[in-house]
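Assemble the whole structure, with the sequences as input and the hints as a guide.
As they're listed, the protein sequences go chains E and Z. Position one of the first sequence corresponds to residue 3 (the working numbering), numbered consecutively onward. Position one of the second sequence corresponds to residue 3 (the working numbering), numbered consecutively onward.
Simulated from the structure, these hints should not be mistaken for lab results. Possibly wrong hints are sitting among the right ones.
No distinction is drawn between identical chains; accordingly, a pair holds when it is met within one copy or between any pair of copies.
[What the hints assert, rightly or not] Derived lysine to aspartate or glutamate pairs resembling EDC-like cross-links, with alpha carbons at most 20 Å apart:
1. 328 to 216
2. 399 to 538
3. 379 to 508
4. 550 to 400
5. 445 to 427
6. 66 to 142
7. 546 to 400
8. 14 to 158
9. 399 to 485
10. 83 to 70
2 protein chains.
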Amino acid sequence: MDHDPFTQIVPKNVPEETAQLYVILARANQIASTTELDDLLDQMLELIILVCGANAGTLYLLDKETNELVFKVVHGDDTAKRLVGERISIDKGISGTTLRQARPIIVEDLPNDPRWFGPLVKTSQTPKNTISFPLLLRGEAIGVVQVFNYRKTQLELVQLLGSRMASEIEKAVLLQAREQHVRRMETLVQIIREISSTLDQDALLAYIITSARELLNAEASSLFLVDEESGDIVLSIARDVSKTSRPNIHVPAGQGIIGHVVESGKSILVPDASTDQRHYNGVDLATGLKTHSVLAVPLRTPTVILGRERGATESKIIGGLESINKIDGIFNQEDMQLLQALADQTATVLHLAHLYEDANELFLDTIKAITAAIDAKDPYTLGHSQRVSEFSVTLAKEMGLQPEIVHHIRVGALLHDVGKIGIPDLILTKPGNLTAEEYRKMKEHPTIGANIMGQVRMLQNEIQALAEHHERLDGKGYPYGLESDQISLIGRVVTVADVFDAITSDRPYRKPLSAEDALDWLNNNRGTHFDSTCVDAMIQAYLKGNIKTQKEQQQRQIQQ
Amino acid sequence: MDHDPFTQIVPKNVPEETAQLYVILARANQIASTTELDDLLDQMLELIILVCGANAGTLYLLDKETNELVFKVVHGDDTAKRLVGERISIDKGISGTTLRQARPIIVEDLPNDPRWFGPLVKTSQTPKNTISFPLLLRGEAIGVVQVFNYRKTQLELVQLLGSRMASEIEKAVLLQAREQHVRRMETLVQIIREISSTLDQDALLAYIITSARELLNAEASSLFLVDEESGDIVLSIARDVSKTSRPNIHVPAGQGIIGHVVESGKSILVPDASTDQRHYNGVDLATGLKTHSVLAVPLRTPTVILGRERGATESKIIGGLESINKIDGIFNQEDMQLLQALADQTATVLHLAHLYEDANELFLDTIKAITAAIDAKDPYTLGHSQRVSEFSVTLAKEMGLQPEIVHHIRVGALLHDVGKIGIPDLILTKPGNLTAEEYRKMKEHPTIGANIMGQVRMLQNEIQALAEHHERLDGKGYPYGLESDQISLIGRVVTVADVFDAITSDRPYRKPLSAEDALDWLNNNRGTHFDSTCVDAMIQAYLKGNIKTQKEQQQRQIQQ
Chain E
3 MDHDPFTQIV
13 PKNVPEETAQ
23 LYVILARANQ
33 IASTTELDDL
43 LDQMLELIIL
53 VCGANAGTLY
63 LLDKETNELV
73 FKVVHGDDTA
83 KRLVGERISI
93 DKGISGTTLR
103 QARPIIVEDL
113 PNDPRWFGPL
123 VKTSQTPKNT
133 ISFPLLLRGE
143 AIGVVQVFNY
153 RKTQLELVQL
163 LGSRMASEIE
173 KAVLLQAREQ
183 HVRRMETLVQ
193 IIREISSTLD
203 QDALLAYIIT
213 SARELLNAEA
223 SSLFLVDEES
233 GDIVLSIARD
243 VSKTSRPNIH
253 VPAGQGIIGH
263 VVESGKSILV
273 PDASTDQRHY
283 NGVDLATGLK
293 THSVLAVPLR
303 TPTVILGRER
313 GATESKIIGG
323 LESINKIDGI
333 FNQEDMQLLQ
343 ALADQTATVL
353 HLAHLYEDAN
363 ELFLDTIKAI
373 TAAIDAKDPY
383 TLGHSQRVSE
393 FSVTLAKEMG
403 LQPEIVHHIR
413 VGALLHDVGK
423 IGIPDLILTK
433 PGNLTAEEYR
443 KMKEHPTIGA
453 NIMGQVRMLQ
463 NEIQALAEHH
473 ERLDGKGYPY
483 GLESDQISLI
493 GRVVTVADVF
503 DAITSDRPYR
513 KPLSAEDALD
523 WLNNNRGTHF
533 DSTCVDAMIQ
543 AYLKGNIKTQ
553 KEQQQRQIQQ
Chain Z
3 MDHDPFTQIV
13 PKNVPEETAQ
23 LYVILARANQ
33 IASTTELDDL
43 LDQMLELIIL
53 VCGANAGTLY
63 LLDKETNELV
73 FKVVHGDDTA
83 KRLVGERISI
93 DKGISGTTLR
103 QARPIIVEDL
113 PNDPRWFGPL
123 VKTSQTPKNT
133 ISFPLLLRGE
143 AIGVVQVFNY
153 RKTQLELVQL
163 LGSRMASEIE
173 KAVLLQAREQ
183 HVRRMETLVQ
193 IIREISSTLD
203 QDALLAYIIT
213 SARELLNAEA
223 SSLFLVDEES
233 GDIVLSIARD
243 VSKTSRPNIH
253 VPAGQGIIGH
263 VVESGKSILV
273 PDASTDQRHY
283 NGVDLATGLK
293 THSVLAVPLR
303 TPTVILGRER
313 GATESKIIGG
323 LESINKIDGI
333 FNQEDMQLLQ
343 ALADQTATVL
353 HLAHLYEDAN
363 ELFLDTIKAI
373 TAAIDAKDPY
383 TLGHSQRVSE
393 FSVTLAKEMG
403 LQPEIVHHIR
413 VGALLHDVGK
423 IGIPDLILTK
433 PGNLTAEEYR
443 KMKEHPTIGA
453 NIMGQVRMLQ
463 NEIQALAEHH
473 ERLDGKGYPY
483 GLESDQISLI
493 GRVVTVADVF
503 DAITSDRPYR
513 KPLSAEDALD
523 WLNNNRGTHF
533 DSTCVDAMIQ
543 AYLKGNIKTQ
553 KEQQQRQIQQ
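Right, here's the structure in full:
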């Protein structure tokens, strides 16, 4: 077998010209078999330089969006290689003329040609001549190839090779764009997944703003939310490359590009903000970021089907998402599609987060209101449940408990005395000492509370706060006389908080203790009545200034 | 200008063979400039038929996943065109041999060649000879071209054209695949958007199952959820082309393909279920659908950040999603990626729906428990709030009110008597008539209730049920003496339901009225005390059997 694979494919008994053409075209076919655009262009330019007996060359592709020729490959002088990625307008130079006229130009005396604007970077030697020809596809120029210091003007052959490659280049460019599109869609799906699992609004906004900037390859991005009261569009979060700026910016409704987007519900693509009348300069001034190009899309919540006969929520525009200053090139339709998809999911999850927030707020506020009303039956226990809940939470955090457990403690403590609904008012509000019978009845409130709330499936983690807040480690508590480990963590925490509030509050039969005296008393009863860890945490929290007795809270309110 | 554009590009003074080669290659270049695969193949086959002086031809592309040659273009006999899309194994025939050997085959006497297995469809005439040559790319055959009844064996030229086109074909195939991938990703993003706005589990599952089938182009798809108590994997919803089957299927934990997926958390792709030991036949038997290929992915909930100091939920596998019987071809990695992304979002939204459901259940169950406890202070009002809520909801639905409003009515009615917390027990439970002073106090409960709950921002739509359920259209009600339109819709609805329950329940001072008598009484007081529309709706609902008095409910319970 011959060591050059291409000579195999030349038919026998053909003229030398034909044989050469076969070999060159077989080489071109081999080069074309690469799907990677940069390799393809590189090898192709090399072949054309060879065919022309030249010693240097450049291959440019047209960027139709900007009408610029982009240097894709430069062969020859090493220093000239840094031109790769540079752009020149098609209005200029020999390459621009070649593209505009869509036909080859041969320049025998390059240094003296008026269209030659010299090398863009310093090279060792100015080329003496050039062949510049267009890459023609369906009659249109999609790029230009220039070779320098040629020895053969094989114009027909290089044009044949050029159009042989032009279709490959187009497909490779499209393929590269599609592959990039697939990757960006994959990133988008990944971002959406992250977004969807964040019901915390601050964390959500921070993540979105970073994701938008990265997905769009932009210098900055910002998220605006409509203020329901004023109707102003408020910059909720912005992030540029320096990640520092988060100014407090209000855009009046209907003003600025973002105002138009929010009002119309339509996306806006502004290639040059400086010439767009809608651009609101306030944001630039406040952030110190000069806006060149902007892509802005609305944040529109979907109609959410709530289920369980709760109907659906209405779709509405709650703000807008902006990408500012595309780093490479200009924003296009694909960018808009991606940003809109991101905005859609953002609005959806913001909406879900609000629904969830509202449902939780509804529950917490309702039990606060009801337990406050129960407390209020006896003026001496006014605000008791709320304070016990606050103390319990502070104590639990001091103990380093997990947020989920702290939340159970918050709710359980708030509800700990709900059983008082079942205790006659006369006993609850009796100013003097209770009779034995009355006291027996009074001691039923933990059981009553646990019974009332025991039917609530979602309160299983809280119920022991109701049942056990009068138990003691030494087993002398009520209603069950549980001992040490038999008492739940939540029960032990709430017991300490409950007693602390009781002894530091006014009672008809005695003066309130100071916080110090109360903590002393708790400390003296550690291990017998109270859990030591809880007592220690209470003392630590007090020393850090995180615990204020009823008296202290009242004094504070008066001072304010 | 010459009318044949290709003769322009032939260099002057070249041999005839060279000139012809230029023209043929220029035509090939023009053909190659199409990016649409089918057009490209079609025109290319036409050129090769022309070059060989043949009168028919076929172009096949290799499907690497199945090792089959796919008929892409057939030229010549019209009846043969129906072969397009058919597949033949590469183990067979002249085309298969060409592909396997990656070199041309010329058959002078086709009808007597043992490899020729005849036309797959009846054609007018058996071809007498054939040239079959591979489309070579980087030394490998990616397809085969066959021409029939050739007159010239220009083997080198057709091979040159073949490899000239092979790289274009590869790029066009990749481009088509990428474009399809982009479209599928776009569909996925659209599906994710739909999914994310559905917190109703049934609607969500139905949508997912349909989307999965369409996105994967599969015959059927099914969604399994782990039953938390038994650990069984339960077929929650399945949909095949007929959209009928939804059998009750439990797969024991760890069993079947889906059991493996749930246990391992890893996706499984089974090209042939009949030979896979993990396949659990129970589902096939129950659905009547024969499973050929299966793609199964886990449903894994993410770690959800809840915000507001509520911590985060833990990630866990809650079930699996299956696609069954790919309609065209076999499941591949792209399918798996798409199905997994769909499953991820499904699990996330199912989880969010549960969180939201739990938060709402918590609220509703808690206020049910508390209002029931308030009712229970007086044995005569046992279950009153719950019944008034049920009556109000039935009445509101009968009026055709929107689900959102019905839900406000449900909650408002449940809370309507919460102000009784502020009424002394002695008054609430007094067996005889109240004194004027006691009655004055008793009449404060709407105001007290509205005051207690007025602080709850999320109850603004419900508060009037508490405040206005003792108002009358004629202004003779309390506490505000509002008239007709001054009374809110929710107030008017709850008033009717409240009075109906009061007069049909036992009271210490009178016997309960029958439902008919009670409705008569309501009807007699329409327009003065009660809103006529509400009274009518109450009567209609009763006639439909949707209203049961306390007595009737008790009798029913005894019977059961």
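These are the hints, each one checked on the structure:
When the C-alpha separation of residue 328 and residue 216 is checked against a cutoff of 20 Å, the pair qualifies only within one copy, where the shortest distance is 10 Å, while the shortest distance between copies is 36 Å. For the identical chains of this complex, residue 399 and residue 538 are intra-copy neighbours only, at 12 Å inside a copy versus 56 Å across copies, given an alpha-carbon limit of 20 Å. Taking identical chains as interchangeable, the C-alpha atoms of residue 379 and residue 508 lie at most 20 Å apart only when both belong to the same chain, with a minimum of 15 Å there against 28 Å between chains. In this homomeric assembly, residue 550 and residue 400 come within 20 Å of each other (Cα to Cα) only inside a single copy, at 15 Å, whereas the closest approach across copies is 53 Å.
Taking the closest pair of Cα atoms, residue 445 and residue 427 come within 20 Å of each other both inside a single copy (14 Å) and across two copies (18 Å). Proximity of residue 66 to residue 142 under the C-alpha cut-off of 20 Å is restricted to the intra-copy arrangement: shortest distance 12 Å within a copy versus 36 Å between copies. For the identical chains of this complex, residue 546 and residue 400 are intra-copy neighbours only, at 10 Å inside a copy versus 59 Å across copies, given an alpha-carbon limit of 20 Å. Proximity of residue 14 and residue 158 under a CA criterion of 20 Å is satisfied inter-copy only: 9 Å between copies versus 24 Å inside one chain copy.
Taking the closest pair of Cα atoms, residue 399 and residue 485 never come within 20 Å of each other, the shortest separation being 24 Å inside a single copy and 53 Å across copies. With identical chains, the CA atoms of residue 83 and residue 70 are at most 20 Å apart within one copy only, with a shortest distance of 18 Å there and 46 Å across copies.
Hint compliance for this structure: hint 9 alone is broken.
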